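A.B. asks: The chain contents come next:
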Amino acid sequence: DQQVKQNSPSLSVQEGRISILNCDYTNSMFDYFLWYKKYPAEGPTFLISISSIKDKNEDGRFTVFLNKSAKHLSLHIVPSQPGDSAVYFCAASALNQGGKLIFGQGTELSVKP
Amino acid sequence: SAVISQKPSRDICQRGTSLTIQCQVDSQVTMMFWYRQQPGQSLTLIATANQGSEATYESGFVIDKFPISRPNLTFSTLTVSNMSPEDSSIYLCSVRDNNYGYTFGSGTRLTVV
Chain A
1 DQQVKQNSPS LSVQEGRISI LNCDYTNSMF DYFLWYKKYP AEGPTFLISI SSIKDKNEDG
61 RFTVFLNKSA KHLSLHIVPS QPGDSAVYFC AASALNQGGK LIFGQGTELS VKP
Chain B
1 SAVISQKPSR DICQRGTSLT IQCQVDSQVT MMFWYRQQPG QSLTLIATAN QGSEATYESG
61 FVIDKFPISR PNLTFSTLTV SNMSPEDSSI YLCSVRDNNY GYTFGSGTRL TVV
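As you go down the protein sequences, you meet chains A and B in turn.
Read in the working numbering, the first sequence has 30 at position 30, and its numbers run on one by one without any break.
Read in the working numbering, the second sequence has 75 at position 75, and its numbers run on one by one without any break.
Quick caveat, the hints were computed from the structure, so don't treat them as lab data.
As the structure is a computational prediction, the values presented were derived from the model and not from experiment.
We treat Cβ as the ideally placed atom computed from N, Cα and C, and that holds for glycine.
Be aware that one or more of the hints could be misleading.
So, partial list: chain A residues that the calculated Cβ filter (under 7 Å) puts toward chain B [to be verified]:
(1) TYR39
(2) PRO40
(3) GLU42
(4) GLY43
(5) LEU47
(6) PRO79
(7) LYS100
(8) GLN105
(9) GLY106
Chain B is nowhere near these chain A residues, computed Cβ spacing over 12 Å in every case [what the hints assert, rightly or not]:
(10) GLN6
(11) GLU15
(12) ALA41
(13) THR45
(14) SER69
(15) PRO113
Please work from the sequences and hints to get the whole structure.
C.D. replies: Written out as structure tokens, the structure is:
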């Protein structure tokens, strides 16, 4: 049972344009959502998070949007830079279910100069 | 956020042998987790390492195969036992620190031959 899904395995974007990465979830008990960036041979690096009481959180070039009714969240990167090329994972947790992170399958973002 | 030192960073092991991975955290944390990322796959939670008690394993993972120790609030080990080529993966430890953030170690890249 895949509770967190990223349906796009890859995304290619031109430098300077917006990157939009999508994530869907099924567990209505999730109350905290995170995005991680991962380079090969490294552990995931935290990017940005959002609590279920909010619908938007912004940090510099990164904005996460949460639509609870649709059980959908998205990460917007604008403007995209070649250094943003990596695999992006969304993750979700439920405090009353042990707080463990459940990850999506990841989306490989490629930003072309 | 917490800083995690994970060792070894990589290893090549013979099938049938065991490898113990260590995670040292620079602060006391209540919750520590062990994940596996198989080639081309997402991060899958193996178990939650509980201080002073047995680890809590996710479906599909058992203590005989992945014994975990958590002797104190700053340290944990994961052993991959009786290894087979299917165990070739990246293994990651993660902690949840007090402000509800999650930090990951840099990972252990295991190849079983």
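A.B. asks: Confirm or reject each hint.
C.D. replies: Consistency of the hints with the structure:
A hinted interface residue such as TYR39(A) counts as satisfied when its beta carbon comes closer than 7 Å to some beta carbon of chain B; here the least separation is about 10 Å, so the hint is violated. Violation of the interface hint for PRO40(A) is found here, the shortest Cβ-Cβ separation to chain B being roughly 10 Å, above the 7 Å cut-off. With a cut of 7 Å, the hint placing GLU42(A) at the interface with chain B holds, because the nearest CB-to-CB distance is about 6 Å. The beta carbon of GLY43(A) is positioned within 7 Å of a beta carbon in chain B (closest approach about 4 Å), and the interface hint is therefore held.
With 7 Å as the threshold, the beta carbon of LEU47(A) stays out of range of chain B, its nearest partner Cβ sitting at about 12 Å, so the hint is violated. Checking PRO79(A) against chain B by beta carbon gives a least distance of about 27 Å; that is not within 7 Å, so the hint is violated. Interface restraint check for LYS100(A): the shortest CB-CB distance to chain B comes to about 5 Å, inside 7 Å, so the restraint holds. A hinted interface residue such as GLN105(A) counts as satisfied when its beta carbon comes closer than 7 Å to some beta carbon of chain B; here the least separation is about 4 Å, so the hint holds.
Because the closest C-beta pair between GLY106(A) and chain B is about 6 Å apart, less than 7 Å, the hint holds. Once the 12 Å rule is applied to beta carbons, GLN6(A) is inconsistent with being away from chain B; the minimum gap is 8 Å. Non-interface call for GLU15(A) relative to chain B: holds, since the shortest CB-CB distance, roughly 26 Å, exceeds 12 Å. The Cβ of ALA41(A) does not lie farther than 12 Å from every Cβ of chain B; its closest approach is about 7 Å, which violates its non-interface assignment.
A Cβ of chain B approaches the Cβ of THR45(A) within 12 Å, the least distance being about 8 Å, so the stated non-interface status is violated. With a minimum CB-CB distance of about 24 Å to chain B, SER69(A) clears the 12 Å threshold, and the non-interface call stands. Taking the minimum C-beta to C-beta distance to chain B, about 26 Å, the non-interface status of PRO113(A) holds against the 12 Å cut.
Violated hints for the displayed structure, listed by number in ascending order: 1, 2, 5, 6, 10, 12, 13.
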